[in-house]
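*Asks:* Assemble the complex: chain S is given as a structure, and chain G must be docked to it using the hints.
Chain order of the listed sequences is S and G.
Residues in the first sequence are numbered consecutively from 1, following my numbering.
Residues in the second sequence are numbered consecutively from 1, following my numbering.
Wrong hints could be hidden among the right ones.
Same chains, same label: a pair holds when it works inside one copy or across any pair of copies.
[As the list claims (entries may be wrong)] Calculated lysine-lysine pairs in the DSS-like style (CA-CA distance at most 25 Å, straight line):
#1 296 - 80
#2 153 - 133
#3 289 - 278
#4 153 - 80
Note that these hints are calculated values from the structure, not bench results.
Bear in mind the structure is a predicted one, so any value in this text is a computation, not a measurement.
Below, each chain spelled out in residue letters.
Number of protein chains: 2
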Amino acid sequence: MMKVYCAIDLGGTKMNIGIMTREGEVIDHIKIPTFVEKGSEQAIKRIKDTIYELLEKLNLKKENIKGIGIGSPGPLDSEKGIIIKSSNLKGWKNVEIVKNLSVDFKDIPIKLENDGNAATLGEFLFGAGKGSKNFVYITVSTGVGGGAVIDGKLQKGGNSNAFEVGHTIIDLNGPKCNCGNYGCLEAYASGTAIGRIAREKLSEGRESLISKIARENIVKSEDVFEAAKEGDALALEIIEREGYYLGIGLYNIIALYNPEKISIGGGVSNGFDYFYEKMMKTINSMSLKPNIEICKIEKAHREDCGLIGAGALAFYE
Amino acid sequence: MMKVYCAIDLGGTKMNIGIMTREGEVIDHIKIPTFVEKGSEQAIKRIKDTIYELLEKLNLKKENIKGIGIGSPGPLDSEKGIIIKSSNLKGWKNVEIVKNLSVDFKDIPIKLENDGNAATLGEFLFGAGKGSKNFVYITVSTGVGGGAVIDGKLQKGGNSNAFEVGHTIIDLNGPKCNCGNYGCLEAYASGTAIGRIAREKLSEGRESLISKIARENIVKSEDVFEAAKEGDALALEIIEREGYYLGIGLYNIIALYNPEKISIGGGVSNGFDYFYEKMMKTINSMSLKPNIEICKIEKAHREDCGLIGAGALAFYE
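Isolated chain S (complex conformation) (with noise of 0.2 Å):
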């Protein structure tokens, strides 16, 4: 009988279910809205459903699953398996998820971790991190996450909430984020600030091809980049701070971490050619030498790293 592992990767605006391999080969996947506004009740109604037509499509029966893993943004309590709440879930509160899917999945292990481990497991037993001791993983998109593998195991901290990176402090007189802190990792780094400095420096007056690419006055990191592409002096500029900021986080981080790898995912990744020479001079004018001769920085090598490591959950350790 084949074995199968079911990956349900849990977001704010999307969840994205598949069906995988032990090898990390995802069979079929199918994305559907949360509707977050609906409740949790709904959306996890409809993960059953969407692993239902998954396993219907793929000729497999439920006996095929052999676990399920899910990545959420946290809180979580991922010991009992519940969702705590969450500002990317705004409204759920105390979702016992893995007790509600387990009255269909009887007898199959369910297994419930952050979307940032998750997604940095994916990556470390099939991505970038494969063959590494120490890994971290960093998902830079509308905020800034991930996770670490210290000597080959995930970390988690004592409540599943550990690596909450973007929340680092980097600049204590900075700007306010939307945590309530100021001067956090992810007020600086993150794709979103990147649009907030690109609309700034626009509404100066500053001439740009960004201007012409954003759509409807709102300038994402994409915009940035294709402005780059075409030698955009102030795309140039931005994607240069992008590559200071995101360096002294990631000084900070192989400071504390001492990894041989680390990736970087998330939206803002796909900018990786152009920020990548300034993160790293950053990086290498701060760091002891030791730590950085044995860290290589990439870009992840895994966009599902989310779906594949929430599968993986199911069958790590």
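*Replies:* Same frame as chain S, now just chain G:
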């Protein structure tokens, strides 16, 4: 036959050499000066002499020693047993301390680890960290250092240079640190920083008991704590500041490591009761609730954790 372990806590000023049990009891120990400027050869020779002296005193033989552990300032190559160099051991370069000791102590396992990690292990196994699974030890004295235990295992990093917490950036526009970077935690929250701020304020003409307590214009953190005991306004202000910055540093650590226990050692921890309130207020106001709910912060239990941790390297894992 009695089984003992030999512990070597190597510092820039002095070396502490002890004979201990597996249960963390130091049977006897001797402190000798390092005489860094005389080179590493003489220091290692005197370490050997001191071990022999202890053995004789305790009526023990070489054969009683089941392992030797060394905690040393880094960076190190702990796999190869080499002290690469250190700002605290000026002039020492690629010191093969393990190889050199094993000439005398053949067939005895000898481990080398950085001093912050060694002290963390000591406090984890025999101090405040006992019973926890995710533990952080911070030492605040001349500098700020420490180590982390993750899921019951000491975090070493790719080449034993993990947890350089003193040199994480908390304010990238901050004052210059000894390491050359700007705004390191150490530049704000170390004993050295306390002394510097006190001197600055006194030279600005602030009235304070500190100037009466301090000898020869060298202000130490102890002087500030002594003045605080008498209710001195400047001293209390400086300690409040210490609590704030230490709180910022610990907030970052809690966000990344999500530990159940943190203990604070080093000379500045003598003022723990003075800065505790402000430190906790800072941490509590900034941290994610689930992270702070499980995290207890205490003064270190074992002042000798650097020594017992070094010895414990010999039998840990």
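*Asks:* Evaluate each hint against the coordinates.
*Replies:* Outcome of the hint check:
Proximity of residue 296 and residue 80 under a CA criterion of 25 Å is satisfied inter-copy only: 22 Å between copies versus 36 Å inside one chain copy. Taking identical chains as interchangeable, the C-alpha atoms of residue 153 and residue 133 lie at most 25 Å apart whether they share a chain (8 Å) or sit on different chains (14 Å). For the homomeric pair residue 289 and residue 278, the shortest alpha-carbon distance inside one copy (18 Å) is at most 25 Å, but the shortest distance between copies (35 Å) is not. For the identical chains of this complex, residue 153 and residue 80 are neighbours both inside a copy (21 Å) and across copies (24 Å), given an alpha-carbon limit of 25 Å.
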